[in-house]
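Asks: Working from the sequences, and respecting the hints, build out all of it.
Sequential numbering of the sequence shown, starting at 9, is according to our numbering.
It should be emphasised that the hints constitute simulated quantities derived from the structure, not laboratory data. Treat the hints with care, as some may be off.
To be verified - Across the chosen pairs, the derived CB separations fall in these ranges:
no., residue 1, residue 2, range
1, S18, E105, 16 to 22 Å
2, P197, Q85, 38 to 44 Å
3, T95, R121, 50 to 56 Å
4, V57, S190, 15 to 21 Å
5, E156, R121, 29 to 35 Å
6, D194, T297, 36 to 42 Å
7, S78, K234, 44 to 50 Å
Being a predicted model, the structure only gives us computed values, none of them experimental. Quick reminder that beta carbons are idealized off the backbone N, C-alpha and C, glycines included.
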Amino acid sequence: MTLTEHARYSWGGDEFLLVEIAPDMSLEANFVANAMAAGLEEQELDGIVDICPANASLLIRFNPDELRHSDLERAVQALEAEVKQATVQELETRIIEVPVWYDDPFTSETETRFREGYHQRPEGSDLDYSAEVNGLANAAEFIQRHHETPWLVSMVGFVAGLPFLFQLTPRERQLQVPKYLSPRTDTPPLTLGYGGCFTAHYSVRGAGGYQMLGITPSPIFDPEQKLADFADFMVLFRTGDIVKYRPIDEAEYTEIQAEVEAGTYRYKQAPVRFTLAEALADPDAYNRTLLEALDVA
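Replies: Listed below in structure tokens is the structure:
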């Protein structure tokens with residue numbers, strides 16, 4: 009592991025401890041954040057209110073009347089050392105297939121309302137621009153590059169249920185796309201967006217600045233918990249989840265929407281064990297192993 013020996017610890021008032029694992033997002037830093045979060049949950053310390061892993065950090069909310077600052081810091085530092093020194097660094101997680109209608113009319117219509125003064129290329133589309141800045145031939149090649157490899161849910165937040173996802177591919181092959189020059193005041197719900205090196209999956213309609221790639225027919229935030237995939241919690245994604253996007257057409261988009269409306273839709277998913285060393289050593293071979301789990305799901 010190439011991370012610094014110790015994370016940076018800082019306090020936010022009386023109720024928050026922030027653990028900054030690294031200054032930049034990386035697969036290693038995110039793994040440590042998720043592993044520490046999982047380990048802290050298993051310890052079930054009295055006084056812990058919430059545990060929020062992010063791209064390269066971990067935020068812990070606690071009740072200082074039940075858990076002393078010094079005791080919490082000591083426990084988290086011990087956990088950090090345990091995670092970093094582990095001989096085998098693994099996380100039990102799952103891989104989820106998510107259907108996407110790329111280059112759909114809903115995001116395309118929104119794009120036309122937010123070009124001049126908002127976007128770097130007022131005369132084109134978000135997909136055309138995304139392909140151009142990555143040196144790709146066209147939007148179709150960008151779409152292919154986006155869905156052919158799996159993604160890691162590195163954090164969930166900003167608005168309810170919105171995940172940020174990091175592509176599981178060598179850094180030199182990662183897609184990179186600037187955000188809009190000025191944020192839009194509208195984004196269709198369930199839009200798939202791209203900014204920097206992250207995919208963002210908009211859970212609800214609202215403002216946004218990521219380049220819009222397409223739209224999904226199935227919810228990722230279900231406050232009424234109507235669908236079986238939300239029986240335990242109203243948010244679909246958890247940090248550490250692996251996501252494989254699958255392109256669909258208008259006909260399948262409509263079919264899935266009907267299943268969602270009927271309350272019968274289920275995401276295709278399978279349990280997997282994510283092993284950091286294998287993912288770093290041979291990303292392409294490891295990705296094939298992850299995708300094989302979906303094939304038999």
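Asks: Confirm or reject each hint.
Replies: Right, here's what the structure says about each hint:
no., hint, result
1, S18 x E105: 16 to 22 Å, "39 Å, violated"
2, P197 x Q85: 38 to 44 Å, "41 Å, holds"
3, T95 x R121: 50 to 56 Å, "54 Å, holds"
4, V57 x S190: 15 to 21 Å, "37 Å, violated"
5, E156 x R121: 29 to 35 Å, "31 Å, holds"
6, D194 x T297: 36 to 42 Å, "40 Å, holds"
7, S78 x K234: 44 to 50 Å, "45 Å, holds"
Against the hints set out earlier in the document, violations occur for numbers 1 and 4.
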